[in-house]
Structure formats: structure tokens, C-alpha cells
Amino acid sequence: DSGVTQTPKHLITATGQRVTLRCSPRSGDLSVYWYQQSLDQGLQFLIQYYNGEERAKGNILERFSAQQFPDLHSELNLSSLELGDSALYFCASSEGGHPGNTIYFGEGSWLTVV
Amino acid sequence: AQSVTQPDIHITVSEGASLELRCNYSYGATPYLFWYVQSPGQGLQLLLKYFSGDTLVQGIKGFEAEFKRSQSSFNLRKPSVHWSDAAEYFCAVAAVSGGYNKLIFGAGTRLAVHP
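Heads up: the protein sequence lines correspond to chains A and B, in order.
The opening position of the first sequence corresponds to residue 1 in this note's numbering, with each subsequent residue numbered one higher.
The opening position of the second sequence corresponds to residue 1001 in this note's numbering, with each subsequent residue numbered one higher.
Calculated from the structure, these hints are not laboratory results.
It should be emphasised that the depicted structure is a prediction, and the values quoted were computed from it without experimental measurement.
Glycine is no exception: its CB is placed at the ideal position from the N, C-alpha and C atoms.
Check each hint, because a few of them may be wrong.
To be verified - Calculated Cβ distances over 12 Å to all of chain B for the following chain A residues: (1) G16; (2) F64; (3) E75.
Said to hold, decoys possible - Label-pair ranges, simulated between beta-carbon atoms: (4) Q17/A <-> P1115/B: 21 to 29 Å; (5) E1064/B <-> T15/A: 43 to 51 Å; (6) H73/A <-> Q1058/B: 17 to 25 Å; (7) S65/A <-> S1084/B: 37 to 45 Å; (8) S1014/B <-> T13/A: 15 to 23 Å; (9) P70/A <-> S1070/B: 45 to 53 Å; (10) T15/A <-> I1009/B: 27 to 35 Å.
Said to hold, decoys possible - Chain A side only, calculated, beta carbon under 7 Å to chain B, not exhaustive: (11) F45; (12) G52; (13) L81; (14) G84; (15) G96; (16) G97; (17) P99; (18) G100; (19) T102; (20) I103; (21) F105; (22) E107; (23) G108.
One chain only, chain A, in its complex shape (with noise of 0.2 Å):
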């Protein structure tokens, strides 16, 4: 158990809609990861965030979106859905964002889109 806990584990939602997904990182840890997992992309990083504020942003579609609460939890939003969207989106977590800190992952969202 890496203390990473995401929700809910799998979702299946129709083309057009819209679903949240929530993280809640380790203990203690300011940054926030999202990864998205897909059979043709392989591990891309989407997007990151420290202590509230988003730090950068790697290949995340406008129609998605996140943000990470004062409380640190974070939340991926993604909207208007398409087929291509179905894969496993991981959230992680690391005490700060230095290279050297040791990024966890969670157990992942499984996402269809149907």
C-alpha cells in the first residue's frame, strides 16, 4: 500500500459526459501527480501540482482538467468524454518536487468509455 488512495476504481461513463476522479495523497506530501495509462500511449504525465498551485503540465487535453485542494486532496475533471479517454489514470504523490523525492503511485481509476 503506497498511501496513495484513489477513487472510485472503476468507472464507466458514455461518450459526452463528464466524471471526476479524486485523490488523496500520502501523509505529508505537497505534490500531486496525474498520470494516464493507455494501451497505444503508454505512461503519460498529464499534470502536477505543489501545495495548491500547479507546477506543470505535460500532454493533458483542454477537455480535462484539475486542481488540488487546500487540504491537498486532487481532483482530475474530464469532460465532454470520447472513447479514446478510456484507460487507467494513476494519481501519485511526493513529499516535494524534487527529482531526488521518491514519486508514489496509487492503485489507479479505471476509465470506460462506452
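Given chain A's structure and the hints, the job is docking chain B onto it.
This is chain B only, laid out in the frame that chain A set:
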């Protein structure tokens, strides 16, 4: 740009045999390198990491990896594989820019273990 290449998509070994998973990276500075393992239906678990110092690093579950700067490699090894090692293994490099870091992952190597 930073990148990670794992040349082997699938590897099959017999239980008890030795294992080496290859990883090559592209990074301008001294890299921060990681190996993660993903078991079916599970998240990513850190096996080991390299920042500096001794180029041979020990990790959990009996794994080790050797950093070779001249070859831009960070291969993962295990002397004797157990059936429970069947999983997907990801090599990653931490890319640092503007005060943040992110992990860039390779495509992964899926390991199958024959009894």
C-alpha cells in the same frame, strides 16, 4: 528532449533463471533514474532508484540495477526469478525543469515466468 527506451516489450524466463531488463535513457544532465513494477490490476511500485554515488543500486524484492553513463543505460537485474515476479516493469527518468520534476517512462517490459 528526455526519453527512455526499453527495447524489449516481452521477456519470458524460467523460474530460477537470471533476469536482465534493459533500459536506455536520453538526458542532458546527471539523470535521476527509477525502476517501477506494475502487477496486474495494481499501481506502480518503486523497485529502486539512482541519483548519484555507487552505480550499482539495490532495491526491493532482490532486484538491483547498474547505472552506466557511457552506455546511457540503467539495466535491471535479478539473479533468480520467482513466479511472483511476473509483471510489467517500467524504467523512468526524472525530468527537471523550472523547479518541478516529472517522470518520463519507457514503454515497459512485460515479464512472463515459466514454472
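Margin query: Please list, smallest to largest, the hint numbers that this structure does not respect.
Written below: 4, 6, 8, 12, 13, 14 and 15
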